[in-house]
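Novice: Given next are the chains, with one letter for each unit.
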Amino acid sequence: MRALKTFTMGGVHPPENKLAEKQAIERLEPPKSVAIPLAQHLGVPAEPVVSRGDQVKTGQLIAKGEAFISAHIHSSVSGKVKKIDAVTDASGYRKKAIIIDVEGDEWEEGIDRDEGLQKQCDLDAKEILEKVHNAGIVGLGGATFPSHVKLNVPRGKKAEYLIINGVECEPCLTADHRLMLEKGEEILVGVQLQMKALGVKKAIVGIEQNKPDAIQHFTKLAKDYEGISVQALEVKYPQGAEKQLIKALINREVPSGKLPIEVGCVVHNVGTAFAVYEAVQKNKPLIDRVVTVSGSSVKKPSNFMVRIGTPVSALIEAAGGLPEDTGKVINGGPMMGKALNDLEVPVTKGTSGILIFTENEASRPVEQNCIRCARCVTICPMGLEPYLLAPLAEKQRLEECEDERIMDCMECGSCLYICPSAKPLLDHIRVGKTRVGKMIRERSA
Amino acid sequence: MNELFNEITVLSVVSLGAIGGVAAIVLFLVAQKFKVIEDPRIDEVEDLLPGANCGGCGLAGCRALAEAIVRAESLEGFNCPPGGSEVMQDIAEAMGWEASESTPMIAVLRCNGTREFAPPKVKYEGAMTCAFAHNLFAGEGGCPFGCLGCGDCVEACDFDAMYMDKDTNLPVILDDKCVACEACVKECPRDIIEMRKKGKKNRRIFVSCINKEKGGVARKNCKVACIGCGKCVKECKFDAITLENNLAYIDFEKCTLCRKCPPVCPTNAIHELNFPERKKKVEKEAKTE
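Protein sequence lines, in the order shown, are assigned to chains A and U.
Following the working numbering, the numbering of the first sequence begins with 1 at its first residue and continues without gaps.
Following the working numbering, the numbering of the second sequence begins with 1001 at its first residue and continues without gaps.
To be clear, the hints were calculated from the coordinates, so they are not data collected in a lab.
Only a predicted model underlies this, so the values are computations on that prediction, with no experimental measurement involved.
One or more of the hints may lead you astray.
[As the list claims (entries may be wrong)] Below, a sample of chain A positions facing chain U; criterion: calculated Cβ distance under 10 Å:
no.	residue
1	Ser91
2	Lys220
3	Lys223
4	Gly327
5	Ala339
[To be verified] Pulled from the structure, derived: some chain A residues nowhere near chain U, Cβ distances all over 12 Å:
no.	residue
6	Thr6
7	Thr88
8	Leu181
9	Gln396
10	Asp427
11	His428
12	Val431
13	Ser444
[Unchecked claim] The list that follows gives simulated cross-link-like pairs (lysine-lysine, DSS-like), each with its CA atoms no further than 25 Å apart:
no.	chain 1	residue 1	chain 2	residue 2
14	A	Lys119	A	Lys202
15	U	Lys1197	A	Lys82
16	A	Lys95	U	Lys1220
17	A	Lys22	A	Lys64
18	A	Lys196	A	Lys22
19	A	Lys157	A	Lys131
20	A	Lys126	A	Lys201
21	A	Lys95	A	Lys82
22	A	Lys338	U	Lys1121
23	U	Lys1254	A	Lys433
24	U	Lys1201	U	Lys1123
25	A	Lys64	A	Lys5
26	U	Lys1197	A	Lys95
27	A	Lys80	U	Lys1214
28	A	Lys126	A	Lys83
29	A	Lys83	U	Lys1214
30	U	Lys1121	U	Lys1197
31	A	Lys32	A	Lys95
32	A	Lys395	U	Lys1186
33	A	Lys282	A	Lys119
34	A	Lys64	A	Lys119
35	U	Lys1212	U	Lys1121
36	A	Lys438	U	Lys1123
37	U	Lys1223	A	Lys338
38	U	Lys1201	U	Lys1212
39	A	Lys220	A	Lys158
40	U	Lys1234	A	Lys95
The C-beta atom is built at its ideal place from N, Cα and C for all residues, glycine as well.
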């Protein structure tokens, strides 16, 4: 058997634990009240265009992101704006959000709520881009980079490939997997629309081998779509990272500090492709997303289609309630996600999963001395030396950190996962990145 | 045998003497050419400085400060925080200059979010450094402005003037050891530590909170947060207190230490240190010994 494609440098294979992969996506009813944060995307937070006491409909624009890197935000429910106030979000800090009391579920006119597949599209590239922009779509893989910026190829650059990320390399998460199985056609139409917007002829959907049903389903469907091919990939973390996925699929390397467009690629998540489909064909802005709720102690691991702004506690309730021996509740995947410090944190555009760890699973082992085994060097997908970077960052030797390419670290957490001495390598590297970033900004200022 | 010995002796004495002579001339010329004239006063000033090389003066160390002082030919704009005005006075006397006035300063922790007043809601398990915890979340107590309690400031202190109080989870600054080098001020990711005037008899009054959130929100996380009510501003007769972004601030240049404001604060956010006990109400927080 021929070896499957994958990226060459580093990588780990943590236990997959995809407990919710057989659970069909369940639509959750809107809660009594939602808090929609104004900063749900990378870049400048959106500016609210509604005020206290206003009546809003589902899908109505409530905050505008006018800056170059920003995204519009729409109401995910219908009701009355209670207030615009600071609410604790996944960052752990209180940030501004629009709080809406839900009254019924009345949708904005012009949104096609019919579930039927709409394949035909006569719009040109510019109109598609316009619609994506207006729908406030951001990268749903987790990085939440505004999609219209990515779909707009900068002058002087040319896109050759559209790469669709169906890898879902994070353990435990199954949101993309379920979406691929249940909304396959819609995703492929979305991919076609994105290809049209970018002006590319070829698109590759990368799916890891641990989702054979999705690979089969997509290979069958893709025959009817010109230019789209499906590629099975070896299971390896972090294959869902842009640079690693490009390397795995078309064997090109994105230079340090550069974007994928440098090698003629644009990478989008399958969730984003689905959102693009809904925005262009159904006029539906990004107001809901699929979130996996899972964990070994969870009664009913599930995949929910939830409205943006729903508190995390409502999701946990729907999955059978918070188990008693809970140690941590993680927002995102187990490798890159972050523990929440409040269960009333709202679901945002970037929430891919809510994981519940028992006290036993969540505790950190006791830190020991580095034994120079170099495992972290072997597995670093960016070819860095975490054992060296962490102490350099800890001792604030920032110039040396910069020389050792600390800014290339994508914080995938593989080094922390593999370290036999349980050293908090990534923790220190993160602090170092913040400090080096500040130093670079000050230098150029 | 004797003759040979004589010959060798004479030869070696003459040749080595000649080499020595030439070398001496070369060395002399080179020394003249590359002579470094150093002001002897630099050594003199350096001897008077404490020699801690803490960098509190803003220069690389005591030697650098001594060089800078001698180069400038005055003490204007220079200050040695650990040495204080005494050392500056000594230098001035030795150099025959007038000493510049310097106010003794001290580091002040402007947070009183102890475990009792701001009870922890979550448990932090990451790397024990404030720089990292600050990136992650608001803090165990939930206040996004308050002390994270990981002790980066204690780590930064070169003078053993700080320690972490295990019960309160706040750092304690020792009055007699702090030399105002500002290392902790620079280290704190939340800018909680401020350099304030040491005050007469070490007496200081300050708002021990930097929370800029609205009163209700701040109070929810911490019982002793400044809620920005403005009572102290009204009470102050010297315009020393300003209220901005829901937070009162006492200007230590204007404050006369009259002790009128601490009792009016509804949340006990205004601290007074090292004052004798009040006669009627006893509300003094013995935070620093």
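Novice: Each hint should be assessed against the structure and marked as holding or not.
Specialist: Hint by hint, here is what the structure shows:
For the restraint placing Ser91 (chain A) at the interface with chain U, the shortest Cβ-Cβ distance is roughly 8 Å, inside the 10 Å limit, so the hint holds. Of the supplied interface hints, the one on Lys220 (chain A) is violated, with its beta-carbon coming no nearer than about 44 Å to a beta-carbon of chain U, more than 10 Å. Taking 10 Å as the C-beta contact cut-off toward chain U, the hint placing Lys223 (chain A) at the interface is violated, the least distance being around 47 Å. At its closest, the beta carbon of Gly327 (chain A) sits 9 Å from a beta carbon of chain U; the interface hint therefore holds under the 10 Å criterion.
Look at Ala339 (chain A): its Cβ gets to within about 8 Å of chain U, closer than 10 Å, so that hint holds up. With a minimum CB-CB distance of about 31 Å to chain U, Thr6 (chain A) clears the 12 Å threshold, and the non-interface call stands. Not every C-beta of chain U lies more than 12 Å from that of Thr88 (chain A), the closest at about 7 Å, which undercuts listing it as non-interface. The beta carbon of Leu181 (chain A) is kept farther than 12 Å from every beta carbon of chain U, the shortest such distance being approximately 35 Å.
Residue-level check failed: Gln396 (chain A) sits 9 Å from the nearest beta carbon of chain U, not beyond 12 Å. A cut-off of 12 Å between C-beta atoms contradicts the statement that Asp427 (chain A) is not in contact with chain U; the least separation is 4 Å. Chain U draws His428 (chain A) into its interface by the beta-carbon criterion, the shortest separation being 6 Å against a cut-off of 12 Å. At roughly 5 Å from the closest C-beta of chain U, the C-beta of Val431 (chain A) falls inside 12 Å, breaking its exclusion from the interface.
Every beta carbon of chain U lies more than 12 Å from that of Ser444 (chain A), the smallest distance being close to 22 Å; the non-interface claim holds. Proximity of Lys119 (chain A) to Lys202 (chain A) is assessed by CA-CA distance (about 19 Å); at most 25 Å being required, the pair is judged to hold. For the proposed pair Lys1197 (chain U) and Lys82 (chain A), the alpha carbon gap of about 46 Å is over 25 Å, so the pair is violated. For the proposed pair Lys95 (chain A) and Lys1220 (chain U), the alpha carbon gap of about 16 Å is at most 25 Å, so the pair holds.
With a C-alpha separation of about 38 Å, the suggested pair Lys22 (chain A) and Lys64 (chain A) falls outside the 25 Å cut-off, and the hint is violated. Proximity of Lys196 (chain A) to Lys22 (chain A) is assessed by CA-CA distance (about 33 Å); at most 25 Å being required, the pair is judged violated. About 23 Å separates the Cα atoms of Lys157 (chain A) and Lys131 (chain A), which keeps this hinted pair within 25 Å; it holds. For the given pair, Lys126 (chain A) sits about 17 Å from Lys201 (chain A) by alpha-carbon distance, which is consistent with the 25 Å threshold.
Of the supplied pair hints, the one linking Lys95 (chain A) and Lys82 (chain A) holds, its CA atoms being roughly 16 Å apart against a limit of 25 Å. Taken as a hint, the Lys338 (chain A) and Lys1121 (chain U) pair is honoured in the structure, with Cα atoms around 17 Å apart against an allowance of 25 Å. Restraint check for Lys1254 (chain U) and Lys433 (chain A): the C-alpha separation of about 41 Å exceeds 25 Å, so the hint is violated. Our distance criterion of 25 Å between C-alpha atoms is broken by Lys1201 (chain U) and Lys1123 (chain U), whose separation comes to about 40 Å.
Between Lys64 (chain A) and Lys5 (chain A) the alpha-carbon distance is near 42 Å, which puts this suggested pair outside the 25 Å criterion. The straight-line distance between the Cα atoms of Lys1197 (chain U) and Lys95 (chain A) is roughly 35 Å, outside the 25 Å bound, and the hint therefore fails. Distance check on the hinted pair: Lys80 (chain A) and Lys1214 (chain U) sit about 24 Å apart at the alpha-carbon level, within 25 Å; holds. Restraint check for Lys126 (chain A) and Lys83 (chain A): not satisfied, since their Cα atoms lie roughly 36 Å apart, outside the 25 Å limit.
Between Lys83 (chain A) and Lys1214 (chain U), the direct Cα distance comes to roughly 15 Å. Compliance with the 25 Å bound is thereby established for this hinted pair. Under the criterion of a C-alpha separation no larger than 25 Å, the hint pairing Lys1121 (chain U) with Lys1197 (chain U) is inconsistent with the structure, at around 35 Å. Annotation: proposed proximity of Lys32 (chain A) to Lys95 (chain A) holds, straight-line Cα distance about 21 Å (limit 25 Å). Between Lys395 (chain A) and Lys1186 (chain U) the alpha-carbon distance is near 15 Å, which keeps this suggested pair within the 25 Å criterion.
For the suggested pair Lys282 (chain A) and Lys119 (chain A), the alpha carbons sit about 11 Å apart, so the restraint of at most 25 Å is met. As the CA atoms of Lys64 (chain A) and Lys119 (chain A) are separated by approximately 30 Å, the hinted pair breaks the 25 Å bound. Under the criterion of a C-alpha separation no larger than 25 Å, the hint pairing Lys1212 (chain U) with Lys1121 (chain U) is consistent with the structure, at around 20 Å. Simply put, Lys438 (chain A) and Lys1123 (chain U) have alpha-carbon atoms about 29 Å apart, too far for the 25 Å limit, and the pair is violated.
Using a Cα cut-off of 25 Å, the hinted pair Lys1223 (chain U) and Lys338 (chain A) is violated, with the two alpha carbons roughly 28 Å apart. Distance hint between Lys1201 (chain U) and Lys1212 (chain U) is unfulfilled; the C-alpha atoms sit about 31 Å from each other, more than 25 Å. For the suggested pair Lys220 (chain A) and Lys158 (chain A), the alpha carbons sit about 30 Å apart, so the restraint of at most 25 Å is broken. With a C-alpha separation of about 32 Å, the suggested pair Lys1234 (chain U) and Lys95 (chain A) falls outside the 25 Å cut-off, and the hint is violated.
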